[in-house]
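Asker: Residue strings, one per chain:
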Amino acid sequence: GNSVTQMEGPVTLSEEAFLTINCTYTATGYPSLFWYVQYPGEGLQLLLKATKADDKGSNKGFEATYRKETTSFHLEKGSVQVSDSAVYFCALSDYSGAGSYQLTFGKGTKLSVIP
Amino acid sequence: EAGVTQFPSHSVIEKGQTVTLRCDPISGHDNLYWYRRVMGKEIKFLLHFVKESKQDESGMPNNRFLAERTGGTYSTLKVQPAELEDSGVYFCASSPNQASEQYFGPGTRLTVT
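Read top to bottom, the protein sequences are chains A and B.
Heads up, the first sequence is in the numbering used here, so the first residue is 1 and it goes up one at a time.
Heads up, the second sequence is in the numbering used here, so the first residue is 116 and it goes up one at a time.
Derived by calculation from the structure, the hints in this document are not laboratory data.
In this text, a Cβ means the ideal position worked out from N, Cα and C, and glycines have one as well.
Possibly wrong hints are sitting among the right ones.
Partial list, computed: chain B residues near chain A (C-beta under 8 Å) [unchecked claim]:
| no. | residue |
| --- | --- |
| 1 | Ser142 |
| 2 | Ile158 |
| 3 | Phe160 |
| 4 | Glu167 |
| 5 | Asn177 |
| 6 | Asn178 |
| 7 | Pro211 |
| 8 | Gln213 |
| 9 | Glu216 |
| 10 | Phe219 |
| 11 | Gly220 |
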């Protein structure tokens, strides 16, 4: 079956530090890859996505590149801000065979950015 | 445009009781999904509706869980009777097409004591 493994954290960084959250996956098909973010007290929001190999998703200064050869989709940001403090989830979407493109998630990484 | 809404935001019930969670998807979205996150574990898929039909319910844990989407609009997820291991956050998501982005609600935190 499909699975997603991401570094669990928690991760604590100082403002303006470089961020990397590792994510690797296994999939039976050719999945689309996502990073979702959950800010305190809010629901999941799509941060960025990539649908095929070598695609780079980007949003709000965050980037991730779909690496099929290493089955990875690592999240990076060059300079984090306090407002980036949240839980980040790596996920993939693949056809389930039961007629559904269900999402498979990693466990989430809690990021805290201190001033 | 209103997003996905869920009610209640938090529910505390005793083991053996019944709870019903509600999800209102984004208007016009035919696809509605339920997921849940049990403490310390991944967010797991429960089931998927296309309009009022269950397209995929492979993630439903057991027959204590009943999901409905009468009329193809809002959906309810009933847990009867609730067990301690049902505690967690239940998320609902909707999308216009099956392969498109899923928009999530804020979740319902269920605590079974």
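Asker: Now look at each hint and say whether the structure bears it out.
Answerer: Here's how the hints hold up against the structure:
no. : hint   : result
1   : Ser142 : violated (17 Å)
2   : Ile158 : holds (4 Å)
3   : Phe160 : holds (4 Å)
4   : Glu167 : violated (15 Å)
5   : Asn177 : violated (18 Å)
6   : Asn178 : violated (18 Å)
7   : Pro211 : violated (12 Å)
8   : Gln213 : holds (5 Å)
9   : Glu216 : holds (6 Å)
10  : Phe219 : holds (4 Å)
11  : Gly220 : holds (5 Å)
Comparing the model with each earlier hint shows violations of hints 1, 4, 5, 6 and 7; every other hint is respected.
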